[in-house]
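One letter stands for each residue in the lines below.
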Amino acid sequence: MANLLVMMEFFRGALLPVSLETLGQARRLGSTLGMTVYALVPLPPQPTEDEDITVRCGRFGADKVMLLTGDSLFVEHEMRFEQYSDALVAACTMLPPRLFLMGDTPAARDIIPRLAARLGGAYVARGAALAQSQQLVLCDSSGRHLRIPLESASSDGIPPLTVPVMMTSEAGRYDMAWGDQDAELMIVPPNDESAQTIPNLSTSKLVKGGFVEETLEPLPLPLRVGSQGESLALSSPAPLPSGGAPPVCQISFGKAAGSDAILSPWRVSIGSAVEETANYQLILPEGELATAAKVLGGLLSASAPVTPIATPGPLPAVTKELEGFDDSNEFTPTAESWDYSADTLNGDEETTARIRAAMGADGRVPVTAAYAAPSVVTPPARPVAAVVIPARPVNTPPATGAGAAMWEGFATMPDEEDLPQDEDGNPIFDVARADTAPVPIAPPSGSASKKKEGA
Amino acid sequence: MKVIALAGVAGNLAVSMGARLGECTAVAITAETPVPGLQEAQALGASQLIRLWDPALTEPVQDPLGREHLQATLLAVLCRRLEIRFVVVPETSEGWLGPALAEELDVPHVTGVLDAEIVAPAVPPSGQIPSAVSRALAMGLPTVRVQRRCLSGIQRLRGPAIGVLSVLPVAAGSTVSAQSGASSTAAGRQEKLPLIETWDLARLGISAMDLPRPLIRSVLPEKRTELTGRVFPNLQALAERLRQDGLAPLPKEEGA
Chain A
11 MANLLVMMEF FRGALLPVSL ETLGQARRLG STLGMTVYAL VPLPPQPTED EDITVRCGRF
71 GADKVMLLTG DSLFVEHEMR FEQYSDALVA ACTMLPPRLF LMGDTPAARD IIPRLAARLG
131 GAYVARGAAL AQSQQLVLCD SSGRHLRIPL ESASSDGIPP LTVPVMMTSE AGRYDMAWGD
191 QDAELMIVPP NDESAQTIPN LSTSKLVKGG FVEETLEPLP LPLRVGSQGE SLALSSPAPL
251 PSGGAPPVCQ ISFGKAAGSD AILSPWRVSI GSAVEETANY QLILPEGELA TAAKVLGGLL
311 SASAPVTPIA TPGPLPAVTK ELEGFDDSNE FTPTAESWDY SADTLNGDEE TTARIRAAMG
371 ADGRVPVTAA YAAPSVVTPP ARPVAAVVIP ARPVNTPPAT GAGAAMWEGF ATMPDEEDLP
431 QDEDGNPIFD VARADTAPVP IAPPSGSASK KKEGA
Chain B
154 MKVIALAGVA GNLAVSMGAR LGECTAVAIT AETPVPGLQE AQALGASQLI RLWDPALTEP
214 VQDPLGREHL QATLLAVLCR RLEIRFVVVP ETSEGWLGPA LAEELDVPHV TGVLDAEIVA
274 PAVPPSGQIP SAVSRALAMG LPTVRVQRRC LSGIQRLRGP AIGVLSVLPV AAGSTVSAQS
334 GASSTAAGRQ EKLPLIETWD LARLGISAMD LPRPLIRSVL PEKRTELTGR VFPNLQALAE
394 RLRQDGLAPL PKEEGA
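Protein sequence lines correspond, in order, to chains A and B.
Take the first sequence: its position 243, counted from the start at 1, is 253 in my numbering, and no numbers get skipped.
Take the second sequence: its position 21, counted from the start at 1, is 174 in my numbering, and no numbers get skipped.
Derived from the structure by calculation, the hints contain no laboratory data.
There may be inaccurate statements among the hints.
Covered stretches of chain A (chain B as the covering partner; in silico rule of three or more C-beta atoms under 8 Å from a C-beta of chain B) [claimed, not checked]:
#1 41-54
#2 85-92
#3 111-123
#4 150-156
#5 186-199
#6 228-238
Just so it is clear, CB atoms sit at the ideal spot from N, CA and C, and this is done for glycine as well.
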């Protein structure tokens, strides 16, 4: 099964929305194309009080969460390839990716192209990965479809090469996905030698001792958010550093010149027409742009705490009938949130049928000390048909002799007449009264056993 | 210190920065004559001008999806021939050139560079992780301080003068100062009036077969899927999302 890896990025302790959007698209690709979605999360040196990151990534679409470990991961304030190379290469060695995604941020622009070069993969900047007609479709930043020549070249029965594709995806490109699944947790140990197991890496030495962070000067708000066409009414309590820097987010009001994707990962267009190059859009009449600039500046300058993106709760039971699906076994991909609340028969259909038979009319299994019902999700109620357990020939245990102790306490089926019956006359198996107590094991006392002990 | 800078792209920012850092060789990969950018590179202080071209490059250099891979390969070969391991390139639209070149040379790289300068090496306090500074001291290399723009601020990095810097194409004040600085420091070098050398594949020591083949191509006939951004219903929703993206005031600013 192909692996789809998504590198998650944190900012001030919270997952960036673009990472969650990218994970959501990975979920859709994984469900449609049968790929396993792994969220790569750097393991923080100190545990946080925030929600379990495994749960969070699972609810937003990850099948599994891979914790990246290593001393160098949190040495600097933001991610760079130099600090993450060991962990990422180890992860890609454990799980060779078919597709590696990361939200388009300054960190991604440092990490992803270098990782692609190291893995011998193809790199697509600000691209899109889509599932169309059960096929993975790769697009560049303009939406042009791409192909990988090496993957279509096969001759003399030699299978074509699979080239990993490393892609950054822009903010606002995809919707988030959410579900009720918790992801499985995996840990990637730091292993410098793991790179040697990938042929492409065998000739590449890992660079050590490059650039290290001295300081980080926070960008004041006017250098994080810039504007064209109208002036944002931003409060600027901090003096602007000399030299200046291009704003990370460029907001264009009206028909202002389009902003540069190289300079600004976040490009916002506010106006009466749709701007194709922008990742965020707000349609407003031309006459309201000046007011909008003032209001937006005030909202961005507000010192109110940032509202975190809430982890979605359990999904409601699906009651809507699906239309257009005659075959119940047909795979039904959907671009909306996925729902795995309804269980499906696995290969052991007989066992599943017996479990269903043991369920009550409300679809619940009687709670025992050893089996607690799930705390979050309640399976939807389903009608349970009465199950007929045919009477089987029972070997009557010997009342005396060496075998008597062995059969003592063993549950035997009552006669058919003694069983409670439903309205159709079929016997009903009573789970609550079934004798499932453990069988005491008595020491054997027969001559055969003595002979065995003496042997 | 010797530096290679890619000329003719984004206002020769890479050349001006390279000339300020050391003895700069400006390189352009183009078929055009006169070579765009190289004459200006000389004015910016480049001491050597190289035009990389070969008829075999005509077709691959026109492929937008494979161009940067090709440039990275050619520059890496040139760096090995000239024994220079510090390169300044402009940040490109794909962003592939700098990191791929660094991988070819097996050196560190920094993207989103705003400025760079030679600084006095500082010995790190004992007990810390052996840093790039100590390594630079051991190798006799000068130390470079780099300003890099990231999401939360401007990161100041320090390391040995070995690696690839991808310079953001912005007309910032630092760039202006770099140009003026380069002009003054390179005044003496301009007396030499270097000629433009043309290197072909044979002089580089490779053949057309050694050129990289593009790993990715566009589908023919061309197909497109319209990619649109997120549409927000109102200003409040847009502002909240921008704040969640990390563009809200930092805690330090909130108190101000």
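So, going through the hints one by one against the coordinates:
1. 41-54: Answer violated; 0 residues pass the 8 Å Cβ test.
2. 85-92: Per the Cβ count (7), the hint holds.
3. 111-123: holds (count 6)
4. 150-156: holds (count 7)
5. 186-199: violated (count 0)
6. 228-238: holds (count 6)
In this structure, the hints that do not hold are numbers 1, 5, in rising order.
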